[in-house]
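For reference, the chains in residue letters:
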Amino acid sequence: MATSRPSKASKRRRQPSSDQQRKADIVDDAADNLVSLFVDHPASDEENNGDQEESPIDGEDGGGHEDENATGSDASDESSEYSDDDDEDEDEVEEEGSDNEDEDEEEKADEPVVGIGEEMASKPANDSALAKENGELASSSMPSYAVAADPKEYDFDSSDEEDVRNTVGNVPMEWYNDYPHIGYDWQGEKIIKPATANEIDKFLKRMDDPNFWKTVKDKLTGQDVVLSDQDLEIIQKLQLGKLTGSGEAYEPFEDIFSHEVMDTPLSSRAPSKRSFLPSLLEKDKVSKLVYAIKMGLIKPARDWKTPTDEAEEKEEQFYAIWTPEESIEDSKSARARKRNAISAPKIALPGHAESYNPPAEYLMTEKEKQRWRAEDREDRRLDFMPRQYKSLRLLPAWNRFIKDRFERCLDLYLCPRQRKMKVNVDPEDLIPKLPKPKDLQPFPTTEAVRYLGHSDIVRSISVHQDGQFLASGSDDCSARIWEVSTGRCYKTFVMPDPVVYVGWCPKRDLMLLAVAAGSSVYFLNPEVGNKLVSSNTDHLLDKVISSDVTNAITSFHKASPEERKQGFRITVRHSKKVANLTWHPKGDFFATIMGEGPAGMLIVHQLSKLTSDVPWKKLGTVTKVLFHDYVKTEKDEEEDPADKDPYKRVILVALQREVRIYNLKKLDTVSKKLEPNCNYVSCMAIHPKGDNVLVGSYDRRVSWFDLDSSNKPYQTMRHHSRGVRQVTFHKKYPLFASCSDDGSVIVSHGMVYNDLNQFPLIVPVKELKGHAHNVESGLNVLDVQFHPTQPWVFSAGADRTVRLYV
Amino acid sequence: MDEGEGTMEPQDSYLQIRLHTKSPRFAVTDIPYSIPTTTASSDLNLLVNQLLGESAVENWIPVDFDFLINGDILLTSVGEYVQQQQISSENVISIEYIERAPAPEPDRSLEHRDWVSAVHSFDDYILTGAYDNSVRVWNSRDGQLVLSHAAHTAPIKGVCWTTSSSFLTASHDQTVALWNIDEGGKNVSPRAFFRGHANSVDALSLSPDRKKFCSVSWDKTLKIWSLEDDATEEIAAPADKKFKGENRKNLTKTPEMTLPGHKEAVSCCAWTGKTEIITGSWDHSIRIWDVELGGVSRQLDSSKAFTSLSYSSLNRTVISGSSDRLIRLYDPRSHEGSVVKLGFLSHSGWVSSVAWSPNNDHLFISGSYDKVMKMWDARSPKAPLYDMAGHSDKILCCSWSDRNLLLSGGADSALKVFSAARV
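For the protein sequence lines, the chains are A and B, in the order given. So in full-length UniProt numbering, the last spot in the first sequence is 806, and the numbers never skip. So in full-length UniProt numbering, the last spot in the second sequence is 423, and the numbers never skip.
So here's chain A without its partners, still in its complex pose:
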């Protein structure tokens, strides 16, 4: 502490004084020394004259200066006070350490004085003070120099005089070579030369001290001075003949007048006085804008840029393409792109075969040459033939150079740049997992029995509940009863008109067949099967109808004894052609559609009471009707708690484009409306459980409706290539079938689960083909019905046959 503080204080004390002359001298000397140093001229021993008493002298002297400086400068009081305190301390220290002063000085002499520039850099505050003090002088004569002026001299002297450490003046110092001193200080005392180091010490110093090369000797004091980087720079500039200041010597000339036409002309006319006054108009405008901004009426653009800014930004778009890209923060996609990038293919390195003088084993034999020539270019292992030349200079020009270059370019151009991440999706996986048809057996697969006998298109078939007999109705004006197992025609009933519909009465204890032909519905007792049932049926019918009954729409006629022999029992005459008929599952009610197309009228009949009723007067085109009873759900009971009937009785009416479901108790309101999204509904069937409905249409679609879920189809099947004629459910097996004019019967697995959360499983399992196309009518398969107990399906075709598939 004691050793370092005086030096610090002394430095401060010496600062506030500048002399141009002094500066120049110092620099000149330093430059001389440096030059000699750079040319590797060893520093002369003679010049090593030291001034050991220099510091204490300066110190005492500096104290007064400091005060002056403090008062003279505009530095704050606080700082001056501080400096005063500092001085007092210093004085004390100096007084105390007066005995040690010599030693201190010696140490200092040994240690090279720290560089001038560094000193300056460490004391910016003092610097500024100095700049202010010498403001006029510096700015007037050499502004750039003044700023970079070395304050080193102030360490030694604060006065305007010349170097006062050595008062010998500007005399050649060689004169003192023979003396132990180098000159005289301002008190007349001899300045003793500093002890000179011998050659070994110098060498060691040169080796050890990294600053040795820039250490110079002050001729006047004989002390070593280490030049700072700034000093060196100045010296270098001087050597090159440049100005030593930091500023540019020749600034670019800006011409006010140019050949270019300017937006605002410059004129030599003096600006008017008014132009110096602030514009009231602008002020008004600005105040308005300020107000608007304050009130939030307009929002200042966040990144408001002047056109010049933009131009600058544009310029910034240039970037060094060779800088490593790691420095740039990558987006995820950019990183992926980098990861997937494929580097350009490399040219194979040349091998021995490419040599102008390849080893003998690389040269081709005659056989190999022949083979090489015979091979296709693509198949060749080497695309050239290795040749041997005695010397490199005999090597001819490479005749395939252009081609090779071109191919290389092609390689580069055509090589994939990126590894593309492809998702390999097996199309099989996209198909929903359906069980194999094999696992869904039994279902009909092959034709087993053909029922031959009809002489025209078979329009309708119906299987008796017992499964022993099959009824069919045909355009040849007959209805036939067949034995299912053998294909034997048991009975033939001749009708006056082509038969459009046959249907067994669903009641088990009745042997009654309804046949719709022309404008009448005939009820027959075919007298096949159980005789008791047949006779019971006759008894019952005799009770029901004793004489003819005529209604508003229809008339019920009892069969004459002659007709009775033929099997007829009751005839229901309509006013128009009967297009269709449907039994109620109880076998008492049945519905007919009278008339065709838009004139179709739905009539509901009751056989036991011989009544006919038209439930809806205006309904539109009725294409099919279906009755269904199903066990009531809780929801249904909530709706109508008064109704004790365990069944909910519904009637499904297929109109041209929709299927309406009515509750038979409330015929005036539609309880549900199904929209199969087709142009013409041709047929429908209801699942035995009653929750699902199939609707077929002439536009080739079969739609499966889940009545619990939606009015829209749960699934639409477009397996047929022509209009669908009939759809039907199997009563026991989870099967349904559809037939179409394309000649096919498609049997599908349609599993309905008791679990309400599980959707029905629909799998088409078999397409049954066999019916021949009827060219005249364009019809093919017209009706399809399942066997009531076996997984067999019957189809009636326009080829006059009925077929059984098992």
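Hints listed in this document are in silico derivations from the structure and should not be mistaken for laboratory results. Heads up, some of the hints might be wrong.
Computed beta-carbon distance windows for the label pairs [unchecked claim]:
| hint | chain 1 | residue 1 | chain 2 | residue 2 | range |
| --- | --- | --- | --- | --- | --- |
| 1 | B | 260 | A | 615 | 40 to 46 Å |
| 2 | A | 543 | B | 315 | 38 to 44 Å |
| 3 | B | 260 | A | 671 | 40 to 46 Å |
| 4 | B | 387 | A | 455 | 52 to 58 Å |
| 5 | A | 456 | B | 387 | 44 to 50 Å |
A partial selection of chain A residues facing chain B, derived with a Cβ cut-off under 10 Å [as the list claims (entries may be wrong)]:
| hint | residue |
| --- | --- |
| 6 | 455 |
| 7 | 486 |
| 8 | 531 |
| 9 | 790 |
Among the chain A residues that face chain B by a calculated CB cut under 8 Å, a handful are [unchecked claim]:
| hint | residue |
| --- | --- |
| 10 | 442 |
| 11 | 448 |
| 12 | 571 |
| 13 | 575 |
Just so you know, even glycine gets a beta-carbon here, dropped at the ideal spot from N, CA and C.
Got chain A; can you put chain B on it based on the hints?
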């Protein structure tokens, strides 16, 4: 054809066989032979005939043999068979040879007025039932129609001789009738009407002791009737009087036992023992009934409706025809392994009728809706022995008479008779 020849060729294409037979008439010395793997049964036939010819005292008349390896008739070459069955070719293969059943000869065609639905023969007389409600008796020797009788009011579904002069008919009109042929052999008189079925009677079968018979019907029941002439059985007629004359009133008989249980129509039945009946039904099951206990003793389930079955008292197995192309062989006594012991697949339509040979425990015939009757050997399930074509429509019934006549009636209103030589 001896061992010396065999060593000339590479060893792997030869097989060691040993020939044996059960009939002493055709026995050859029991030594192993080495034969090429390509040897077919015709080559083996030559070999056996040559061996027999060498050892025969007189001139040997060649006989056709069938060759059995492990009970299967050899249809391919020996090598292929060994490869298929993965029998080690290192061992000596034991081949049994049997005299081949000779091809049945078409005998004659008996023309009917309508579809022939049932046939049964006894001695020289063939009984047929047809869809024209008539029953006919034919002499099989000269093919003459012995008698014809309109026995029912609906198609006849089953016929059966009870004695040489009386027979049973089952019909769609829900009755079974027992008829007596009068002394002259030209007239038929009813002896009994068995009423009780509520639907068409589809089949009937006579018990082995000929004292009872059973009938099965579309009404899902099996009924057992007595043939004994007990007056006590006769009771008042049931409700429908329409179908019987006054003189038939006292001829009505009621069932001795009614066995309900099938869920669907019962289509075929056969006695398998003194008190055991086997029935096949459209509910996809075969049931074995114990008559004394009056219940089902065993049930064999299938996946198809049965159309016919036949029981052989010689090998005690049942073959069945069903609503598919497959003939199935069941062993009612076996409780192990799969229910169906063998499947015979060659027909292309429903198998409507099957019948075991009454005197050969391996042969049976089958008639099908594909218009062909086939003769099978139970040991060769892959292919039938013979196809007997001739029908122009579905075959509805077939029978193998004890006189080795193969009878088949069909929807072409003809009964085709083939004569098979006794093996």
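Given a hint of 40 to 46 Å, does the C-beta separation of residue 260 of chain B and residue 671 of chain A actually sit inside it? holds (43 Å)
Can residue 790 of chain A be said to touch chain B, with a Cβ gap under 10 Å? holds (6 Å)
With respect to the beta-carbon atoms only, verify the hint that residue 543 of chain A and residue 315 of chain B lie 38 to 44 Å apart. The hint (38 to 44 Å, Cβ to Cβ) is violated, given that residue 543 of chain A and residue 315 of chain B are roughly 58 Å apart.
May I ask you to test the interface hint for residue 442 of chain A with respect to chain B, counting a Cβ-Cβ separation under 8 Å as satisfied? This interface hint holds because 6 Å falls under the 8 Å limit.
If you check the beta carbons of residue 260 of chain B and residue 615 of chain A, does the distance land in 40 to 46 Å? holds (44 Å)
Is the hint on residue 486 of chain A kept, meaning its closest Cβ partner in chain B is under 10 Å away? With a minimum Cβ separation of about 6 Å from chain B (threshold 10 Å), the hint on residue 486 of chain A holds.
Satisfaction of the residue 575 of chain A interface hint, Cβ to chain B closer than 8 Å: violated (38 Å)
Range hint 44 to 50 Å: satisfied by the CB atoms of residue 456 of chain A and residue 387 of chain B? Violated: the Cβ-Cβ distance is about 37 Å, outside 44 to 50 Å.
Do the Cβ positions of residue 387 of chain B and residue 455 of chain A conform to the proposed distance bound of 52 to 58 Å? Since residue 387 of chain B and residue 455 of chain A have Cβ atoms about 34 Å apart, the given range 52 to 58 Å is violated.
Does the closest beta carbon of chain B sit nearer than 10 Å to the beta carbon of residue 455 of chain A? violated (19 Å)
May I ask you to test the interface hint for residue 448 of chain A with respect to chain B, counting a Cβ-Cβ separation under 8 Å as satisfied? holds (5 Å)
When the nearest CB of chain B is found for residue 531 of chain A, is that gap smaller than 10 Å? holds (5 Å)
Of the hints listed earlier, those the structure fails to meet are numbers 2, 4, 5, 6, 12 and 13, in rising order.
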